[in-house]
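Visitor: The residues making up each chain are set out below.
Number of protein chains: 2
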Amino acid sequence: VTHSAFVIVGLGFIGGSLAARIRRHFPRVRLIGISRDRRKISAAKRRKWIDAGFTHPGKAFHQNPLDRKGRNPARWFVLICTPVDVTPKLISEVDRYAPSGTVVTDVGSTKQSIARWASRKRFRRIQFVGSHPLAGSHLSGAEHARADLFKGAYVFVTPTQVSKPEAVRRISSFWRKLGTRVLLLTPEKHDEIVSQISHLPHAVASALMHAVSSKMLRYGASGFLDTTRVAQGDPRLWTPIFLSNRGHLLKDLGRFESALQYFISALRGRRSSRVARFLRAAGRKRRESTSRRKESG
Amino acid sequence: VTHSAFVIVGLGFIGGSLAARIRRHFPRVRLIGISRDRRKISAAKRRKWIDAGFTHPGKAFHQNPLDRKGRNPARWFVLICTPVDVTPKLISEVDRYAPSGTVVTDVGSTKQSIARWASRKRFRRIQFVGSHPLAGSHLSGAEHARADLFKGAYVFVTPTQVSKPEAVRRISSFWRKLGTRVLLLTPEKHDEIVSQISHLPHAVASALMHAVSSKMLRYGASGFLDTTRVAQGDPRLWTPIFLSNRGHLLKDLGRFESALQYFISALRGRRSSRVARFLRAAGRKRRESTSRRKESG
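Protein sequences, first through last, are from chains A and B. Heads up: the first sequence at position 33 corresponds to 33 in our numbering, and the numbers run straight through without jumps. Heads up: the second sequence at position 155 corresponds to 155 in our numbering, and the numbers run straight through without jumps.
In short, the hints are calculated from the structure, not lab data. Hints are supplied without guarantee of correctness; some may be wrong.
Since copy identity is lost for identical chains, a pair holds within one copy or between any two.
[Stated by the list, open to error] Subject to a maximum C-alpha distance of 27 angstroms in a straight line, what follows is the list of computed DSS-like cross-link-like pairs (lysine-lysine):
hint: 1; residue 1: Lys215; residue 2: Lys189
hint: 2; residue 1: Lys215; residue 2: Lys285
hint: 3; residue 1: Lys251; residue 2: Lys215
hint: 4; residue 1: Lys45; residue 2: Lys177
hint: 5; residue 1: Lys151; residue 2: Lys285
hint: 6; residue 1: Lys48; residue 2: Lys189
hint: 7; residue 1: Lys164; residue 2: Lys59
hint: 8; residue 1: Lys215; residue 2: Lys48
hint: 9; residue 1: Lys215; residue 2: Lys151
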């Protein structure tokens, strides 16, 4: 992997964290950053995340940069780290300018819509397979980026029937070398999972904030703050995520509503043993989820 | 306050943490623990939380214990740290055996039902005013108790029209000396607040656990784990809390459902600007709640 060049498109929280981590794990590769915002490029250079930066993806390949040993990079590896709604446009631009055989992946939180788009599209030069590192935060922006964000995280790699096995292998190998745990699964299965463990909790936490009166907020202790933390996610990232995983999320919101209705009717009817059973089953499941993570960690 | 004796009824997570903190802040007072479980009494003695322990509240006062300087305690102060559904029974027992003028408070998470009960009841010897330290955890049991649990926490003290001002003053002063921030408010207002910032998030987190498939749990990252943490609360404590705050909680569950319905219909109709607005307002409110806490902290 040393004889490669990395192009990171988008130098926000994820792009910045990835650049920092790649720099740490592959100190000799050439790292090129792309951002429309020149200040982000300057900041990324200052923090030594990138060797060079451009405001347009095409520029990265025009330069045909040498690696740090003075060789031309044999292999290009492009990571698209942008909001999911602009990812297709940027992949298309990379396809227009990158050398043949360039491997491209993204880090978006939904995979079905980008996979469908990629299957329909005939790329001229690139090989694209989607990824999704499960390492988010309610924080966003390059100022919060950190190299250890991905340490021990799951990374979903989502090949389709049109994916080239060699691209899947290189992308998986890249993530493993960064110290993550790679799981291959279909884009459909991926979106089903993240709807439940990420998008549904986010929607619920946001609704909770709407249900609470502003005057009460100052009394919220750790329990309240934990339960609603994800509601702080950037709406510019999360709105397109929710819309692109609309089908799964609507189904899961329905399941959630049924569960809540069960609780409400037990409480309304003062059915204390039903309330207790509901809480006990939820608590048991929650404790299992922690212990499973520990086992696999 | 040094010339007093404290009786703590219930040596679980809250009772144990309180004993440890009282010991630290009032090293010379006599501390008596009451628990039906002899092992909890032995454990509390071993950890030096209490000087003596009994399985029945009556015994605490029979002994008429000396303080550590050999004086009879001039004033008794009783803290009931049990699940809310057994608190009335234990207050009644304390009233039967305690010396006249003994001040009694509890630490239960709901205050309206205990206040109503206390207003109807004619105590023979004690003066009761309810308290609620906002310092819980999803953990329970004496093994997790710790002296710093209450540090900087809000404590609600909830007098009613029948409360003796002297009792309110002594209870508030006690909590302040433990390093907490005391707020006086009516039992009704108290229950309205905790329904929103504690009971509603708990019910929602539990429903979330029911909505998620067991197979997906292993992929839950920090966002999911934070959002559902409170669902681990002990159902034996929480079922009576929910039932005794049923009115407020049902109202708040209704508000929550309306907010969620708004989101669902925006998502179903692909109204992306509505989804974004919903998320933005929720995020802004959540960030304000953190900053207000910081300001007041």
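Visitor: Checked against the structure, which of the hints given earlier come out wrong?
Guide: The structure conflicts with hints 6 and 8, although it agrees with all the remaining ones.
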